[in-house]
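Asker: Protein chains in written order, with our numbering: chain A, 1 to 198; chain B, 1 to 255.
Read the hints as simulated data drawn from the structure, not as lab findings.
Hints are not guaranteed to be accurate.
[Said to hold, decoys possible] Pairs of lysine-lysine residues, derived as DSS-like cross-links and limited to a Cα-Cα distance of at most 30 Å, are as follows:
1. B:Lys230 to A:Lys98
2. B:Lys42 to A:Lys53
3. A:Lys51 to A:Lys82
4. A:Lys57 to A:Lys98
5. B:Lys42 to A:Lys103
6. A:Lys26 to A:Lys82
7. A:Lys57 to B:Lys205
8. A:Lys26 to B:Lys205
9. A:Lys26 to B:Lys42
10. B:Lys38 to A:Lys98
Keep in mind that this is a model prediction, so the values were computed, not measured.
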Amino acid sequence: MDLLNYPQPLADLISSLARLPGIGPKTAGRLAFYLLQEPETAEALAQSVLKAKEKIKSCSICSNFTDQDPCAFCRSERRDRKLLCIVEHPRDVAALEKTGEFKGLYHVLQGVLSPLEGIGPEQLTVQQLLQRLEGVEEVIMAMNPTVEGEATAMYLARLLKPLGVKVTRIAHGLPVGGDLEYADEVTIARALEGRRNL
Amino acid sequence: MAVYQADALVIRSREYGESDRLLTLFARESGKLQAVAKGVRKPTSRQRAGAQLFTYADFLLHRGRTLDTVTQASPRESFPHLWNDLDRTLAATAIAELLDAATVREEPQPHLFTLTLTCFFMLAEVHPFLVQSLFALRLLEILGYSPRLEECAECGALIQGERVFFSPEAGGTVCSSCRGTLSGRTLSQGTLAFMRRLAQAEWAKVKRLRWPVWMEQEVRRALQQYCEEKFEHNLRSWRMGNEIGGEGINNQREG
């Protein structure tokens with residue numbers, strides 16, 4: 001999209017929108033024109049972006065996004081404090097909460113170990129994790145099943161096991177409702193490896 | 001040719017866009033390539049298994065104007081041992097980073113391909129840092145950068161003494177009269193002898209080689225420094241391997 005044909009403020013808006021994930025230059029243009037035609041929506045959107053930016057911060061305990069420090073999970077009396085689930089990003093907390101199955105606390109690592117990209121333990125919230133293990137009996141590693149996710153889980157397990165904490169990893173395998181025939185061999189091998197007694 | 005095939009190893013994989021991955025492939029016939037694997041971060045993707053880091057797969061690629069796209073990826077070998085042991089993962093990462101740093105795009109390097117594939121298989125049963133060091137020495141040999149490990153890299157004199165100065169800048173060991181202002185580190189004669197054995201050992205015999213922890217660290221650090229100098233690249237995964245791999249984990253916990 002040639003932004004030279006637009007007035008500067010509109011061109012700026014389009015290029016800002018195009019920087020968002022999943023939004024290409026064409027969609028950015030459409031969104032920008034829509035916002036200009038709907039001033040109320042534009043006003044409300046601008047307000048909420050500013051408000052969210054101002055109020056949302058990282059929880060000092062679990063590093064999840066929160067408007068109050070500590071966050072609602074870390075403050076709650078109802079959560080099981082013996083269980084700690086480690087995830088990569090704040091959006092993974094939302095995904096796990098949707099299941100309604102987990103009643104423990106969370107810890108957001110803010111990424112995974114990725115030596116090739118220069119992300120080491122000091123770029124993650126590993127030190128904060130080590131400082132909050134009092135009373136924790138089980139740590140569940142819920143990182144993505146990628147090489148980096150596995151490496152991070154193994155690294156943390158090496159750190160945590162000598163401290164007497166039980167360390168577990170979420171299962172890998174076939175998706176619910178999926179067809180075995182269409183699954184790839186790596187997934188099937190993992191599913192076989194992680195089989196359980198009935 | 002718009003569509004082409006490649007049997008290749010995935011040596012780097014970065015998140016790209018919403019659900020894609022940008023892969024660096026090392027192909028048997030065409031060398032290092034870069035391609036986008038679309039949608040592979042979604043659980044429904046059919047190409048997901050073939051597009052994972054360290055997978056050896058048959059790829060069908062479509063040549064694009066700026067970036068090629070993966071249209072099919074059928075895994076041949078997914079090296080499960082690289083997934084479930086931290087030291088092996090670190091060694092494979094170090095191998096992949098060095099291979100990436102030492103090669104340029106689309107330059108066929110069949111010997112390097114075979115070496116990498118062999119090392120990935122070897123990681124299943126040989127000590128990971130031994131394989132990593134062996135890979136570095138053999139890669140240097142293939143590319144013509146082998147370090148001098150017996151005589152002085154400057155004057156050619158045979159080097160004696162318990163501790164020997166090793167200078168990546170000079171291209172290997174240096175005698176005390178040539179040392180001057182060269183940068184480097186001192187290594188024990190034992191370490192140098194071990195490196196010589198490692199560089200020449202037959203594949204089947206590598207498994208039987210043994211080294212103490214201090215020697216392992218000396219070899220890895222010397223090779224890291226040497227490769228960084230030769231390829232003008234900061235080997236981040238080698239440094240991280242020194243910090244968190246093997247014995248390094250104890251310092252992390254205390255730190």
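Asker: Broken hints, numbered, in rising order?
Answerer: 1, 3, 6, 7 and 8
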